[in-house]
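Chains B and X, in that order, are what the protein sequence lines are. The numbering of the first sequence is our numbering, which starts it at 1 and goes up by one. The numbering of the second sequence is our numbering, which starts it at 1 and goes up by one.
Quick caveat, the hints were computed from the structure, so don't treat them as lab data.
Not everything, but these chain X residues come out facing chain B in the computed CB check (under 8 Å):
#1 50
#2 74
#3 77
#4 78
#5 84
#6 102
So these bits of chain X aren't anywhere near chain B, every CB distance computed over 12 Å:
#7 138
#8 170
#9 179
#10 221
#11 224
#12 226
#13 243
#14 244
Here a beta-carbon is modelled for each residue, glycine too, at the ideal position from N, C-alpha and C.
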Amino acid sequence: MDDFLPVRGVRYVRTRALDGVAEVGRVAILMRDFARFLVPGLSSFGRVIQQMGTIGVGSLWLVVVVSLFTGAVAAVQAAYQFTSVVPMRYLGSVVLRSVIIELGPVLTGLVLSGRVGSSIAAELGTMKVTEQIDALRAMAIHPIRYLVVPRVFAAIVMLPVMTVLSDAIAVFGGYVVAVTSIGMSSHTYTQSLKDFFLVKDLLSGLIKAFFFGGIIGVMGCYYGFATEGGAEGVGLATTRAVVASCVLVLISDYVLANVLFRFIFAK
Amino acid sequence: MIRVRGLRKRLGAKQVLDGVDLDIQAGETVVVMGRSGSGKSVLLKHIIGLMTPDEGSIEVEEQEIVGMGERDLDSVRRRFGMLFQSAALFDSLTVGDNVGLGLREHLRLDDTEVRRRVAERLEWVGLAGVEAMKPASLSGGMRKRVGLARALAMDPQYILYDEPTTGLDPIMADAIDQLIRSLQKRLGVTSVVVTHDMTSAYKMADRMVMLHEGKMVFSGTPDETRAATNAVVRQFVQGSSTGPIRPL
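With these hints in hand, go ahead and build the complete structure from the sequences.
What follows is the structure, encoded as structure tokens:
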């Protein structure tokens, strides 16, 4: 009876569902501990600044390149869709609003999920399997305070900062394409940016980035701490952190878009 | 004094500790012997509160640590220093920062005093002047000694050593044994050493205990250990593959 395929299938689904619920619970506990140790964890400001540097400076060129080409592609695509339908003088506004509302925060979130989430998970995972986290606890230094708070806080602060940078670079990428390839004047593009810029659009992107930063930091730390075994375990933790961060960034983007544009910034 | 009573711990399908009783008197050096995987390191991690037992009690100076909150546990842990099997040095920190981490985190000392204490501890372990080096550039023996300097940094009452000589060549292993012994004499700390290296064990121990199949099967002085009639202890001490302990 136990080998009957549907029974095995039901048992598998039930086990995976319970594992999933347990995992959500463990992430919630990590977030609770982060909140509990936030103030003592921030008292060592040097470690927070160091993490901000690692996240910001370490990801700078990646964000610059991705954003530049994202803005350029947005301009090319918009110009193609505008042809014979929408006056080309609106090109700048379309690039601007699509970048600051959606492309800037989401692409920065996805890029940093790979770059930062993986590096946090790999570092903490290696510390776990080499007993460095046990060593911290043995020295009466709480790993949440010492390791998690600086990383998650730095990610929460740096994601909006990197998003602003990404927005600016992407708009510039769109400008380069508009002026050099589509034949718009510099003045028309910049005027279009000014005419349609809304502070609430920028704010919505930054609010999203704030949440994406939390997701990336928490997922990196969670999977790093959950690492078991040796090198294989570290590799697995890194992959899981990146996959979970990317999926959660996209899901939360949808949820936040609804909350922000249907309720908070509806008017 | 540390008092362990009825300690049980199951990891997966294996009953690693199965009712362990152990008393460690102040100032003595107890060596815990046993085969690889016999639960020696698990016992050590219970004593410092890194693992929670399924059953049993652990008292440190008459304070029960099983079930203790993390904050209270931290105040107990500050009386301990621990040398991990792999030294567990923090890769991202220099040697100086590794040794000084506890001082910086727990004591409000100025930087000059921290550096002075770090230099002193490193000198004790024969590694003066290596503060700026990164753990990755150290040899196995140097890593162990830095780990020992870190364990000594906070002037602990108790030091736990997890396989202090494993993976070292015999000359370096002897140097580490001598170092541990001289520090114990100089500082008068209570030490628990986990090892399966009998040469080291005889040199360091005031008392030797043996953990086998989750239970303490022997306790005695090094001379009593050499003369033990218990078949399990005799086989282990002699390093023989024939006897009650099955090698595979």
